[in-house]
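Using the sequences and the hints given, assemble the complete structure.
Number of protein chains: 4
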Amino acid sequence: MQIGMIGLGRMGANMARRLIQGGHRCVVFDTSPMAVKQMTEEAAIGATSLADLVAKLEQPRAIWMMVPAAFVDQLITDLLPHLEPGDILVNGGNSYYVDTQRTARELAARKIHYIDCGTSGGVLGLERGYSLMIGGPDQAVKRLDPVFRTLAPGVGSIPATLGRDKLDGTAEQGYLHCGPSGAGHFVKMVHNGIEYGLMAAYAEGMNILKHANVGKDAHAADAETTPLRNPEAFQFDLNVRDIAEVWRRGSVVSSWLLDLTAAALTRDPTLATFEGRVSDSGEGRWTIKTAIDAGVPTPVLSTALYSRFNSRGEAEFADKLLSAMRFEFGGHIEKSAGK
Amino acid sequence: MQIGMIGLGRMGANMARRLIQGGHRCVVFDTSPMAVKQMTEEAAIGATSLADLVAKLEQPRAIWMMVPAAFVDQLITDLLPHLEPGDILVNGGNSYYVDTQRTARELAARKIHYIDCGTSGGVLGLERGYSLMIGGPDQAVKRLDPVFRTLAPGVGSIPATLGRDKLDGTAEQGYLHCGPSGAGHFVKMVHNGIEYGLMAAYAEGMNILKHANVGKDAHAADAETTPLRNPEAFQFDLNVRDIAEVWRRGSVVSSWLLDLTAAALTRDPTLATFEGRVSDSGEGRWTIKTAIDAGVPTPVLSTALYSRFNSRGEAEFADKLLSAMRFEFGGHIEKSAGK
Amino acid sequence: MQIGMIGLGRMGANMARRLIQGGHRCVVFDTSPMAVKQMTEEAAIGATSLADLVAKLEQPRAIWMMVPAAFVDQLITDLLPHLEPGDILVNGGNSYYVDTQRTARELAARKIHYIDCGTSGGVLGLERGYSLMIGGPDQAVKRLDPVFRTLAPGVGSIPATLGRDKLDGTAEQGYLHCGPSGAGHFVKMVHNGIEYGLMAAYAEGMNILKHANVGKDAHAADAETTPLRNPEAFQFDLNVRDIAEVWRRGSVVSSWLLDLTAAALTRDPTLATFEGRVSDSGEGRWTIKTAIDAGVPTPVLSTALYSRFNSRGEAEFADKLLSAMRFEFGGHIEKSAGK
Amino acid sequence: MQIGMIGLGRMGANMARRLIQGGHRCVVFDTSPMAVKQMTEEAAIGATSLADLVAKLEQPRAIWMMVPAAFVDQLITDLLPHLEPGDILVNGGNSYYVDTQRTARELAARKIHYIDCGTSGGVLGLERGYSLMIGGPDQAVKRLDPVFRTLAPGVGSIPATLGRDKLDGTAEQGYLHCGPSGAGHFVKMVHNGIEYGLMAAYAEGMNILKHANVGKDAHAADAETTPLRNPEAFQFDLNVRDIAEVWRRGSVVSSWLLDLTAAALTRDPTLATFEGRVSDSGEGRWTIKTAIDAGVPTPVLSTALYSRFNSRGEAEFADKLLSAMRFEFGGHIEKSAGK
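Residue numbers (the numbering used here), protein chains in the order written: chain A, 1 to 339; chain B, 1 to 339; chain C, 1 to 339; chain D, 1 to 339.
These aren't lab readings, by the way, just hints derived from the structure by calculation. You may find that some hints are simply not true.
Because identical chains share one entry, a pair is satisfied inside a single copy or across any pair of copies.
[To be verified] Below are the DMTMM-like pairs computed for lysine to aspartate or glutamate, each with C-alpha atoms no more than 20 Å apart in a straight line: (1) Lys335 <-> Asp217; (2) Lys166 <-> Asp268; (3) Lys166 <-> Glu106; (4) Lys335 <-> Glu232; (5) Lys289 <-> Glu314; (6) Lys289 <-> Glu232; (7) Lys216 <-> Glu314; (8) Lys142 <-> Glu41; (9) Lys111 <-> Glu84; (10) Lys335 <-> Glu275.
Predicted model only: the values in this text are computed from it and were never measured.
So this is what it looks like as structure tokens:
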């Protein structure tokens, strides 16, 4: 079928490619004319403006937005004058599901169908397909089924879950209509919250492996430093690159994130090109706020989020206060780095 | 080659099977004669005692122990009178690596080679192969290479890590000599610590999904209960079984543990057969203690461990004390379950 | 001066008493006529309705609301028709500061001054005085200074902070104008967030003391149970009641919450009257959500909040899923309680 | 009575002073002759060596060691040749209680009584007295009762705990015989573990207050940065110094650590003299390891410990790995500081 794609960044461009390869006709737009030009060379129909994109689509239209959450509201405001009842607008990015619910209500009043589609797959999605978590009105979601089916990985070579053959539905194809408006972004939000937790688990574990040789260091013995009680137990120079690789093979912790870990460590086992300032882009935060509203304990996911805040220095005042308290009650002088 | 296998539980029996299928000759022993009998029907050579097992093995012997950590010391004590210099003893279970280091020193004094082999793969290892993390003296590890190679999954159909082709070693085969005695159990310990963190991340996330409909409940409005500020945002009845399935397909959180989650939820989406009392069997604890000794922050892995303690009611006195304090400062009366 | 007090629960009634003892005239109202009657016997002027209360106050009026956050909006709606420009409305409860900011804007449009006053002190505040964290417009806050001064503890016998004598302000008196509307509730919110953290720290520590004799129990030795490695180190039957008392005397952890802990344990060292289902009433949740918005890492405060969720069984599905995963990968059968 | 004091650092010197002021005779030794000289000017009897100290004490001797845990073993080894059956050795520092148990067994074999005395009070203990948590054999502890009574704060002006008058014991005096050898250090260890948790709770909360004006900053709007959804709610410039002070006055979070926080912020509200590298000196680590052995969930105390590790940069490799994974799956480029 025909679909418009707005936003040709890392995700949007590859999704357009996968749709075109799947036989769909894509009209594409991006604020960067270069990005549009690139896609027209790959069989997309380029648009010069939002108005132009809308004009090039047959009614009722289907338009997929693939832009950062911060830009969604403005984009919808700009698109709205050009849309007509019956058109479908898909938000394939990571908006906060509460915003999505509000937007869906506003658009429904104009008879425009708003679909939220959480999209996972990263830069490898072009080849592997994208896992799609969809929310919105039944009819509109059904209308776009061919698009979802193409973007999703399909059954492929992934082994079936035992007992799954007795069940209906599209989950095995890699896309799922999760519920009414907001349900797709809700599920995607939690998905990303889990992702933070998984990543932190690997990172903490790898950090232990990296420190398995601390017994080789000489340590100061004073009242400010905890002596390492058993230096003989910390004499291992472990090869984290090979360990990540061996865990990919049959171990309980094998996963796609571990594949990526192995890839990163194979590129450079010291990770020297990174400073260790880890961004977070919203979904982790929303997950925790949602869990707190619902009264659900999420210590692991929260702590994983805070590790990222910490990595960017946001604990600085708290840490200073800890040192200040220690000075007040015990006269402890702070030890500088390297001492 | 020929190898003895002691311990024919879930892991040991399947490992013996995989070895036999790989062309090795296995002499097996278990405290349960039934377990031995079963294996002899599958082409293993049964032994009636430890002495019998040792007698049936050619020198220099190779004996693989696959028993719970709590029984390892006694088993070695019982085996030792029968062993001779040059024999190899493999501990394939999850012993604390500090114990392993000690035992290796003691056995080395008798010229018996002690190999620690962390073994991951679970009940599916027979088919998929086992991920092996090996510690111990070079010559002994090299001697058992055929055994490790058979137990490991091999390259199989798992995509290669980019750049890996320029590197040597056995990691891609699914087994790795990590370092001297204890290194295998050290790496396996951290592996399991990570496993706890991954499992908790999924469990917490799924629990949020399960609570996505809390806005449908009527809640008491009193000073003891936080009112749900936005019940309209919690009206989703999500299908956790299908969500687990769709995440298996191309998403960033896909993993073997997610496969198992999908399998469990397909079996019964309510998980009604479980009480939620989660055991822990040592490696998670050792991981945290090791991290603390090394000064490595592991908030996610620790919190995951504590969730298990909590699930078994170990926070009870702490919780009572919190309620008691609230009563003291605010006269707050505890709300019973269901009120 | 004259002031109206609405809400004669544990906090409101005692605050009215302290104001009357301080020479102020209090007009009081509560939905319970009994509560009003009780206060009239203690020199308060009773009101039979909100309208009656407003009528009995001289203009410009000052009315203090001391009701649960969930009832504030409705109360203001009911009061509003009776109020006139220049009147001051104080919210002395624990409203979410974002709500407070909104309400202040709405009331300011009607020239009614809204003051948010976070109030700490618990049931002992009548005697000790209340710590007051105040937000709102300067003139209105200044007008109520006599009220704040009476409610606050004053300098009393608490030792001065070194260097404080060179500083101005009311902080030493126990009340502080923290900033514009919402600032008082913001500071009180964080105060309560800290309170959760402090309480959890004591509770966890006391729980360790309680378990100092676990080495006396016989434990099962199987693959599902981590054996206690060093039972000889866990043979202490500690007297938690006396330990709380001794810590009150000169130790670094002395605090008012510790005083309460000692009181609770003196009442009953087993805390048998409590089930351990710990309520939370909003501020802890708001603290975490605020911290997340601001990007501030708060792992301790968050974890303390989750301990309360956990105590009420909210982790149940997560725990079941952990057991389910363990069954899937390792065939581990859950151990029931008592086994 | 007469007592020897070894170690005249911040703690030991003040304890000797308090003992002398209480009418005891103190023979003192330190590796620094200056420290000894200083104390002799304050009525202590100086010793020039361990042998000299022992010689100057009447039998059966009582010697109090106040040195860092790392130096205790060597000190005992050096003292031992000079001691005789019936002598008492007090370890007033923070040794790991497991070491204490071992040492007590070794000394008991020589009929030397070993007492472990956890000592809290910090630099203010000279004036306020020290909270003492004592472990060891009954007779020896009873013999030193006059010393403990002098060091402890006594009942003083601290309000009695309700119901305490019906109970016996020394807890109200500020010292407590907690149990056999190790019990004192066990209780002190948990005390310090709690202290870490309390400190972290204050530090995290104060850090939120410090960030209450983040809405005034302009933030980048891109896919790598979570936009602040509600900048209007983060416009407070809070005076953390005055807030700490007002909380000291009647609030639920009042404590000695809060007094110190107020003092530190009064000295310098920006804490500019601190880098925020927070030391930990053993007891926090031992607390967590003990809790894990006993199966007691301690998420708050653990997380507080990890905050200190984090403050010293120990998460660096973990953070780099998180950025590396984000690059692998999403092509996310790390944002440097200040961007």
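Cross-check of the supplied hints:
{"no.": "1", "hint": "Lys335 <-> Asp217", "verdict": "within (17 Å within a copy, 32 Å between copies)"}
{"no.": "2", "hint": "Lys166 <-> Asp268", "verdict": "between (46 Å within a copy, 13 Å between copies)"}
{"no.": "3", "hint": "Lys166 <-> Glu106", "verdict": "neither (39 Å within a copy, 56 Å between copies)"}
{"no.": "4", "hint": "Lys335 <-> Glu232", "verdict": "neither (25 Å within a copy, 37 Å between copies)"}
{"no.": "5", "hint": "Lys289 <-> Glu314", "verdict": "both (19 Å within a copy, 16 Å between copies)"}
{"no.": "6", "hint": "Lys289 <-> Glu232", "verdict": "between (44 Å within a copy, 15 Å between copies)"}
{"no.": "7", "hint": "Lys216 <-> Glu314", "verdict": "between (32 Å within a copy, 16 Å between copies)"}
{"no.": "8", "hint": "Lys142 <-> Glu41", "verdict": "neither (31 Å within a copy, 55 Å between copies)"}
{"no.": "9", "hint": "Lys111 <-> Glu84", "verdict": "within (8 Å within a copy, 45 Å between copies)"}
{"no.": "10", "hint": "Lys335 <-> Glu275", "verdict": "between (23 Å within a copy, 9 Å between copies)"}
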